[in-house]
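So the protein lines, in turn, are chains A and B. Each number in the numbering used here corresponds to the 1-based position in the first sequence with 155 added. Each number in the numbering used here corresponds to the 1-based position in the second sequence with 153 added.
Certain hints may be false.
[Unchecked claim] Here are a few chain B residues that face chain A, going by a calculated C-beta distance under 10 Å:
1. 188
2. 195
3. 246
4. 260
5. 261
These are computed hints drawn from the structure, not numbers from a lab. Using N, Cα and C, we set each Cβ at its ideal position, and we do this for glycine too.
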Amino acid sequence: SQQGEEDPQALSIQEGENATMNCSYKTSINNLQWYRQNSGRGLVHLILIRSNEREKHSGRLRVTLDTSKKSSSLLITASRAADTASYFCATDFQGGSEKLVFGKGTKLTVNP
Amino acid sequence: NAGVMQNPRHLVRRRGQEARLRCSPMKGHSHVYWYRQLPEEGLKFMVYLQKENIIDESGMPKERFSAEFPKEGPSILRIQQVVRGDSAAYFCASSPLPGISNYGYTFGSGTRLTVV
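Please model the complete structure; the sequences and the hints are all you need to start from.
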């Protein structure tokens, strides 16, 4: 299985702190994406990083990709209570179809 | 543009009944993907359809599950003779083209199926 795995499974921080979540995968990929899911809701696409990119920024989000280690990290800076959600990485692997393979997610709680 | 619309939001079925889940993709999107999410799990790919064609159904159970995306109307995921293990959230995503753009996939809010 080339399922992505997020680490940690759960993270609790105070508002204003930074949150870092990690994702590892097993096979070569074309792209890696991060999604957010609020409790009981659908997924919202946050950011996509391609296999030839090493770092990408979007607002308070910073994503890194290390293809040699088959890992990615998502950093949320200056967290807010509204960032409380589950965060999933998803990969589409080289030679595969368009399907995404999701990890189990990191449940982030930002305490006010 | 209303985004990807799924209905119903919640569906309760007794064991042995049929469940029909609907997904209307975003306007102009002809590619639809269905995923299933069990409690405390990530999403698992089920099936990828293009208008009137099933492109990849490698994630769909061989029995009781079927999917279609007719020329007119929404995509339908159909589960016959539901069992308790089918209880999950079912999400649909759509895209205008095959492959993934810089904007990722647009997901609907899901249908939460409970089998009692």
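Hints versus structure:
no.	hint	result
1	188	holds (8 Å)
2	195	holds (3 Å)
3	246	holds (8 Å)
4	260	holds (4 Å)
5	261	holds (6 Å)
In this structure, none of the earlier numbered hints is contradicted; all agree with it.
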